[in-house]
Amino acid sequence: MADETPKAEELIQIDHRPPAKQWMDVPVNIRKGMYCYASNPKSVEYLGLPNARPWNPIEEDWKLPENWQQILHEGFKERLEKFRSIKVFMDICVRCGACADKCHFFIGTGDPKNMPVLRAELLRSVYRNDFTLMGKLLGRYAGARPMTIDVLKEWWYYLFQCTECRRCSVFCPYGIDTAEITMFGRELLNLLGLNIDWIATPVANCYRTGNHLGIQPHAFKDMIDFFCDDIEEITGIRVEPNFNQKNADILFITPSGDVFADPGTYTAMGYLLLFHFLKEKYGLNVTWSTYASEGGNFGSFTSHETMKRLNAKMYLEAKRLKPKWILGGECGHMWRVITQYMDTMNGPADFMEAPVNPITGTRFENAKSTKMVHIAEFLADLIKHGKLDLDPSRNDNKIVTFHDSCNPARGMGMLDEPRYVIKSVANHFFEMPANTIREQTFCCGSGSGLNAGENMEERMAGALPRSNAVKYVHEKHGVNMLACVCAIDRAALPAAMDYWVPGVDVTGMTELVANALIMPGEQERTTDLRGEPLPGMEEADE
Amino acid sequence: MNKFYMSSLLAIFALALIAWVGAPALPWLFGIVLPYLAVAVFVVGFVRRVMGWSRSAVPFAIPTTGGQQRSLPWIKQAKFDNPSSKTGVFVRMALEILTFRSLFRNTRMKMNEGNRLSYHLEIFLWLGALAFHYAFLVTLLRHMRFFLEPVPGAIQMLEAVDGFFRLEILYDSVQFGLPGVYMSGLVLLAAAAYLFLRRLFIANMRYISLPSDYFPLLLIMGIAFTGILMRYFTKVDIAAIKQLAMGLVTFQPSIPAAISPVFYIHLFFVSVLLAYFPFSKLMHLGGIFLSPTRNMLANTREVRHVNPWNYPVKVHTYEAYENEFREKMVEAGLPVDKMPESAPEEMTEEEKE
Amino acid sequence: MNDKKWIVLGLILFVGLFSFPFWFNVGKAAPAPEVVLTEQAKAAKECVMPTDFMKTEHMQLLDVWRLKVVRDGVSQFVNADGKEFDMSLSNTCLDCHSNKAEFCDRCHNYASVNPYCWDCHIDNPKGDK
Numbered sequence: 001m002a003d004e005t006p007k008a009e010e011l012i013q014i015d016h017r018p019p020a021k022q023w024m025d026v027p028v029n030i031r032k033g034m035y036c037y038a039s040n041p042k043s044v045e046y047l048g049l050p051n052a053r054p055w056n057p058i059e060e061d062w063k064l065p066e067n068w069q070q071i072l073h074e075g076f077k078e079r080l081e082k083f084r085s086i087k088v089f090m091d092i093c094v095r096c097g098a099c100a101d102k103c104h105f106f107i108g109t110g111d112p113k114n115m116p117v118l119r120a121e122l123l124r125s126v127y128r129n130d131f132t133l134m135g136k137l138l139g140r141y142a143g144a145r146p147m148t149i150d151v152l153k154e155w156w157y158y159l160f161q162c163t164e165c166r167r168c169s170v171f172c173p174y175g176i177d178t179a180e181i182t183m184f185g186r187e188l189l190n191l192l193g194l195n196i197d198w199i200a201t202p203v204a205n206c207y208r209t210g211n212h213l214g215i216q217p218h219a220f221k222d223m224i225d226f227f228c229d230d231i232e233e234i235t236g237i238r239v240e241p242n243f244n245q246k247n248a249d250i251l252f253i254t255p256s257g258d259v260f261a262d263p264g265t266y267t268a269m270g271y272l273l274l275f276h277f278l279k280e281k282y283g284l285n286v287t288w289s290t291y292a293s294e295g296g297n298f299g300s301f302t303s304h305e306t307m308k309r310l311n312a313k314m315y316l317e318a319k320r321l322k323p324k325w326i327l328g329g330e331c332g333h334m335w336r337v338i339t340q341y342m343d344t345m346n347g348p349a350d351f352m353e354a355p356v357n358p359i360t361g362t363r364f365e366n367a368k369s370t371k372m373v374h375i376a377e378f379l380a381d382l383i384k385h386g387k388l389d390l391d392p393s394r395n396d397n398k399i400v401t402f403h404d405s406c407n408p409a410r411g412m413g414m415l416d417e418p419r420y421v422i423k424s425v426a427n428h429f430f431e432m433p434a435n436t437i438r439e440q441t442f443c444c445g446s447g448s449g450l451n452a453g454e455n456m457e458e459r460m461a462g463a464l465p466r467s468n469a470v471k472y473v474h475e476k477h478g479v480n481m482l483a484c485v486c487a488i489d490r491a492a493l494p495a496a497m498d499y500w501v502p503g504v505d506v507t508g509m510t511e512l513v514a515n516a517l518i519m520p521g522e523q524e525r526t527t528d529l530r531g532e533p534l535p536g537m538e539e540a541d542e
Numbered sequence: 001m002n003k004f005y006m007s008s009l010l011a012i013f014a015l016a017l018i019a020w021v022g023a024p025a026l027p028w029l030f031g032i033v034l035p036y037l038a039v040a041v042f043v044v045g046f047v048r049r050v051m052g053w054s055r056s057a058v059p060f061a062i063p064t065t066g067g068q069q070r071s072l073p074w075i076k077q078a079k080f081d082n083p084s085s086k087t088g089v090f091v092r093m094a095l096e097i098l099t100f101r102s103l104f105r106n107t108r109m110k111m112n113e114g115n116r117l118s119y120h121l122e123i124f125l126w127l128g129a130l131a132f133h134y135a136f137l138v139t140l141l142r143h144m145r146f147f148l149e150p151v152p153g154a155i156q157m158l159e160a161v162d163g164f165f166r167l168e169i170l171y172d173s174v175q176f177g178l179p180g181v182y183m184s185g186l187v188l189l190a191a192a193a194y195l196f197l198r199r200l201f202i203a204n205m206r207y208i209s210l211p212s213d214y215f216p217l218l219l220i221m222g223i224a225f226t227g228i229l230m231r232y233f234t235k236v237d238i239a240a241i242k243q244l245a246m247g248l249v250t251f252q253p254s255i256p257a258a259i260s261p262v263f264y265i266h267l268f269f270v271s272v273l274l275a276y277f278p279f280s281k282l283m284h285l286g287g288i289f290l291s292p293t294r295n296m297l298a299n300t301r302e303v304r305h306v307n308p309w310n311y312p313v314k315v316h317t318y319e320a321y322e323n324e325f326r327e328k329m330v331e332a333g334l335p336v337d338k339m340p341e342s343a344p345e346e347m348t349e350e351e352k353e
Numbered sequence: 001m002n003d004k005k006w007i008v009l010g011l012i013l014f015v016g017l018f019s020f021p022f023w024f025n026v027g028k029a030a031p032a033p034e035v036v037l038t039e040q041a042k043a044a045k046e047c048v049m050p051t052d053f054m055k056t057e058h059m060q061l062l063d064v065w066r067l068k069v070v071r072d073g074v075s076q077f078v079n080a081d082g083k084e085f086d087m088s089l090s091n092t093c094l095d096c097h098s099n100k101a102e103f104c105d106r107c108h109n110y111a112s113v114n115p116y117c118w119d120c121h122i123d124n125p126k127g128d129k
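These protein sequence lines are chains A, H and V, in that order. All the letters of the first sequence, read from the start, carry residue numbers 1 to 542 under the working numbering. All the letters of the second sequence, read from the start, carry residue numbers 1 to 353 under the working numbering. All the letters of the third sequence, read from the start, carry residue numbers 1 to 129 under the working numbering.
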């Protein structure tokens, strides 16, 4: 697949001018490299979601149920009652165009239907036709059009070219949130069984095994044990993580992606080192769970109900294991779900205590209802109180910049905590240009379940704005390490960096912390967690 | 595309023609019936639309956080862009509604030489929108002089401020500036024209624009234009117009003789705008107050938001999970809730650890 | 939903503000002002221009007069009927319409117009009623 992806020099030749024809007259062209494969019917069936069947997006016949238009219409109607957001967003857009060039997919592809306003108009046009007086009276002159198979295909294609990053919603004068519209649109598509497999199968996996990758409990433990071996090799210390342990101080939940693939694995090793340090030094007892072994929630890319079904495990497991509170690892959409959905969906979590850092005594007031604290908040608190023994010089060969992940930035507002942590453990830190970070951060281009292999062109196009900003600091300051607090970033950005900015690696925040963390009784470290020589240790390595 | 703004333009001309031809024949229709109808449609339509929104649930708290959250006490929170208090939300909404804060953030993406992307502050949309809305508001308010008797001091003051510049051009061939020029009317026309031309000449704007985008702008331009025409060029009997307006608001409608047809065009445009309003995107006036990404507290981990239609869902329980994987778990030394019959004893030790 | 009361309140406020003219004027007749013509004006029958023109364009006429007198040094105005007038607010207009309060002000106040004529000119140059 990746071989067919255009070269970077080709892909960057982007024409942002729209076609001459009106957009309703431009038929959708589902193009290879720009879409993900259809959901595996087994996964759809396992979850009991409707219309499981094999189908292929590029085939004419999508094998839709007979009454698919009716299903969509009724699904639309029901959700207009259930979500004020949708109803208001359908009605009030003035098409001012402020959102247009804010979308990484529009910037990267130049496809006008990737302007957030038009992405929403794809749905709005049908809404007007089905539900508004003007649409019924004036039809196309009111921007209305009936639902046809081509419209459906257009929905599908473009709703899976949105990563629900919310950047457009920051700029919208009415706060219209395309993430909300995409979530809603995908929920409708799922009524017809029109998911992509990179979402459907992880969801089925997560439902069954507790994590997206389908790692079964014994294998999960094995994989972590493997990290423990690596850690022992590097630090001379054997860390002994707890699994499924009852009455621990803290239950730790993080995305399984970090257990599975580099460079996320180094962040996972970072967690292990950190928890070992805290246990040795302060007696803090942290447990992992194999049942709730997933922080992320691909259900949120499917439907609100599926999101809830997967998310339920966090509180269920907390109820069973009885920790005082939950600590969450580095992940993007996981934190959107935790911050804005979890408590509402599966709370109240009154069986836990309002989170207090037992080492510093800090009360995490902002998390007192969900009982779930972000590792960056936790680390920032520890570092601020001088509770970690750190040697930032061990990260001296890393010139770091920080990529705000969409969801922690715009669905949470966690901007300064990770920066504080990173600056405390790394001496060389440079920000990317102001319009590309913090609440204006650009998506990695692969969020919301689009991190597949077959849509590499789509992903690389989507990653252009982020990569371009990295390139700027890479060239200006020699930045060689892109830090992030998101597992999907760690899975997606290395490919984007290789493609757009060779010479920049991707790291998690906790990996940097663990590199700098002086473990009690450790041997002299010669390499970082990646096995690469520490600054000044290049000789020793040989 | 062309047919979209052409159709809107034609619609405006058609409306003008209708009023121009119709009003002299049926002044009571254009001067009394239609304005009353328009106001009724506006009020009922507006209320119904907003109540329709209000009936839909707000299942989740989904504020777009535009800045640093409230977290550790030593980290400075963006109190308005990421509000955790009602005051914060109030200020955020006020800034949004009164100063178009989000629009102020607007940037323009540009691909520069060397394939370097840049994002520059793009202030003109914000400026144009702000000028348009405030000019409209001032114009609307100072029109209260036609609907209130006696005219309140506040309105007179507004008129004085609006007419502050005393712009006058007077030659033999050109006379402009009496009665005193109101800036608001000119700014309104200019800003609406800017917003219209923007749609026409920026390719992507033209691509996303619908007739329902051109039409209200043209209609408002038409209103402003006829207003300016009457005030400065083809003079009208202002006392008679006030008489008509007062007749309407005191429910003693009457048609004073000899009001210029231009006035009826103006009034008809306004009537159309009012009646069109509730069924159009113009409802953003009410909608912005209800936008959940802006009007909700961002203290979502601190206070639980309740979803009125929250319903129980099927979940994969731990019990089911353990039942499926129990043997493997035990074998790997993972603690289990229910020991299998043949489970080796030594596992419990690891469990205690 | 607990925000419904706020929405209703907001709507009431909005409709209240919008309908302000309706209830502000309740119980007021507010008829159109009647301008009083002095005997002298009645006797003259006709102003410098036809009444309809004067109703809508008098400010423009005065402005032109001022320009002619002050800038061009022309002081005579000839109307369509060939009648000649002195281009003077004080001496011509206020000669007939010596009752500013019942003539000028009636309409000006009604329409909330605040002409700057009186910044310089005194109301009643002749000093009689």
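None of these hints come from the bench; they were simulated from the model. Beta carbons: idealized from backbone N, C-alpha and C, even for Gly. A hint or two may mislead.
Listed next, with one range per pair, are the computed distances between beta-carbon atoms [to be verified]: (1) A:Glu81 x H:Pro150: 47 to 53 Å; (2) V:Asn91 x H:Ala257: 29 to 35 Å; (3) V:Glu34 x H:Trp20: 45 to 51 Å.
- Distance restraint evaluation - Glu34 (chain V), Trp20 (chain H), Cβ atoms, bounds 45 to 51 Å: Between Glu34 (chain V) and Trp20 (chain H), where Cβ atoms are some 31 Å apart, the hint is violated.
- Between Glu81 (chain A) and Pro150 (chain H), is the Cβ distance one that fits in 47 to 53 Å? holds (48 Å)
- Do Asn91 (chain V) and Ala257 (chain H) keep their Cβ atoms within the hinted range of 29 to 35 Å? holds (33 Å)
When each numbered hint is compared with the structure, a violation occurs for hint 3 only.
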